[in-house]
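Peer 1: Given the structure of chain X, go ahead and fit chain E onto it with the hints provided.
Protein chains in written order, with the numbering used here: chain X, 1 to 246; chain E, 1001 to 1334.
Keep in mind that the hints are not guaranteed to be accurate.
As the list claims (entries may be wrong) - Which chain E residues face chain X? A few, computed with CB under 7 Å, are given here:
id: 1; residue: Tyr-1022
id: 2; residue: Leu-1025
id: 3; residue: Asn-1201
id: 4; residue: Thr-1251
id: 5; residue: Gly-1253
id: 6; residue: Ala-1284
id: 7; residue: Ile-1304
id: 8; residue: Asp-1307
id: 9; residue: Tyr-1313
If you're looking for bench data, these hints aren't it; they were derived computationally from the structure.
Don't be surprised by glycine CBs; every beta carbon is placed ideally from N, CA and C.
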Amino acid sequence: MTEQVGYFETDTPLKIYGLSEKSVTIGFGTAIDHHLLALITDFNQLLLQNPFSGLITTVPAYTTLTVFFDPLSVMLSGLPGQVCFEKVSAHLNKIAQTKREKSSKIPDKLIIPVCYGGDFGQDLSTVARTNKLSETEVIDIHTAGQYTVFMIGFVPGFAYMGGMDTRLSTPRKEVPNAKIPTGSVGIAGTQTGIYPMETPGGWQIIGKTPLKIFDVNRLQPSLLKGGDIVTFKAIGIKEFNAYAEI
Amino acid sequence: MSMKISIIKPGLLSTIQDMGRYRFLSQAVPVSGAMDELAHRLANKAVGNDDNNATIEFTYADASFKAETPVLISYSGDGASLVYNNELMPAEKPLFFPAGSVIKLIHNAIGVRTYLAIAGGWDVPDVMESKSTYLTAAFGGFKGRALQKADVLVSGTLLSEVSDGILNHLIERSLTYPNWRISRESLLPENRQSIRVVLANEISWFDATSIISFLTNSYSIDRRSNRMGYHLSGKPLVKKVKKELLSTAVTAGVIQVTGSGDLIILMADCQTTGGYPRIAHVAAVDLPLCAQLKPGDTIHFSEISRDEAEALYLEREHDLSLITMAIGLKYIKT
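Next comes chain X alone, as it looks inside the complex (with noise of 0.2 Å):
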């Protein structure tokens, strides 16, 4: 809580390139980490409330956020400017110098629980060898920890989260895998992420969720999103099948 005030009430302009004639993407920084996306998710939120005439919807990265917009409706719009994106970054650039609130926001937690090993992760034996642990220390260590999402990408649902203990990092695989089973768990790098559907993949997998990660029929599709906090819990077969009947 400590860089509540500043960041954005700086008249230092935007750092704004254009993606496609329908999107621009603002630049915050270079490096992955919690104060800038802190930084994005206020910005983003502050944006959301304060659209401009034309504004579709925006997408937060690692250290972008871009904004998709309809150039026809932000053409008629009153904004200062000859072209979409002088009038687009006039706005951004609005927003910029607004003073930051105190982000009044709690991150959103969420534990999910892990059947891990057997069939449901079958890569974890390579994480434990890979770094001299027992499969069970493994499964402590990957427990224990608290998990931060950075963004959602790669398919619909599928959280980036960092934030794991070194000791469990495992490099990806050479060959990915052709099919990975929706709700598998994995490591890579020092990553780690749920598979939100079957697709290929070539993360260490260590278990799986019986949670739909991603669901149409919700509200919110995606189960997580940028900001939020993680942790897993440990369950055993017969509770991953009593979550699977509901």
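Peer 2: Showing chain E alone in chain X's frame:
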């Protein structure tokens, strides 16, 4: 009263698409939608629909369907031509067929994708505010999948005033169509091998020779090309910096450069974020040309400025609004 067709032969890949799904990008849901948005919109306009009504996107030909009721349809695109009773049907024009008509798609060597619109739009449920099919996650469109033999598709029952007007003019016991048609050719550049691009944010990551090479050499469309994107084969580009890009939002038209220096043009079903540096993006007005490229086709890139690309986009939209107005004037009684 809804109109109805049944699929006799589905063809290589036929899916329901509209103008895409934008509001869920932050949850990594791709835009999807028609690859050739121009052809999709013209097919809709020709039957008096809204541009965002759902059409069927056919890939190449070798498909056929039967009108189970009288239907008012139109088609546009470069993957196939419609044939009825051995007669070639005109594109970008409303076509009225009586019940029982069997309509075939035959080979059209120019391109890949053809759009079939029906008055009222194809009626499938909205998933996340769009009717577009996204096959990777099996949602949207017709049951989240490509069309199959014996599928029955119906139109929305709510016709626009223009669709109603067209239908009243054409309704008959046999095939009818008016003498007007939309001229798609007048909207497209003559040289379809030349793709206009705007240089991208990471352009300074590449050495000067690579940038010149990108703007002068030809590239051909690789076999690894689909609705997600096209791999290009040609001279690999060289990065002059060791930097890596942290995953950030991308969109259709963005040209990524892979670790080995190869180019990928992202298309409608592309991921919402990507971590490869970008050398350029295809001007929005030339994306429909890209949508019709097939493996083996060659293209080259020519640079335009961001402002030129925007001006071209606004001009295209203006032309399209004039087409809508002209059709409306013919059929709306004032």
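Peer 1: Less than 7 Å between beta-carbons is the criterion; does E:Asn-1201 satisfy it with respect to chain X?
Peer 2: 4 Å, holds
Peer 1: Does the closest beta carbon of chain X sit nearer than 7 Å to the beta carbon of E:Gly-1253?
Peer 2: Holds, about 6 Å.
Peer 1: Quick check on E:Tyr-1022 please, does its C-beta sit within 7 Å of some C-beta on chain X?
Peer 2: 5 Å, holds
Peer 1: Any CB of chain X closer than 7 Å to the CB of E:Ile-1304?
Peer 2: 11 Å, violated
Peer 1: Do the numbers back the hint for E:Tyr-1313, that is, is its least Cβ distance to chain X under 7 Å?
Peer 2: 5 Å, holds
Peer 1: Given a cut of 7 Å on the nearest C-beta pair, is the interface hint for E:Ala-1284 held or broken against chain X?
Peer 2: Since the shortest Cβ distance to chain X is 4 Å, the answer is holds.
Peer 1: Should the interface hint for E:Leu-1025 be scored as holding, given a Cβ-Cβ cut-off of 7 Å against chain X?
Peer 2: 5 Å, holds
Peer 1: With chain X as the partner, please determine if E:Thr-1251 meets the hint condition of a C-beta pair closer than 7 Å.
Peer 2: 5 Å, holds
Peer 1: Can the hint on E:Asp-1307 be confirmed by a CB-to-CB distance to chain X that is less than 7 Å?
Peer 2: 5 Å, holds
In this structure, the one hint that does not hold is number 7.
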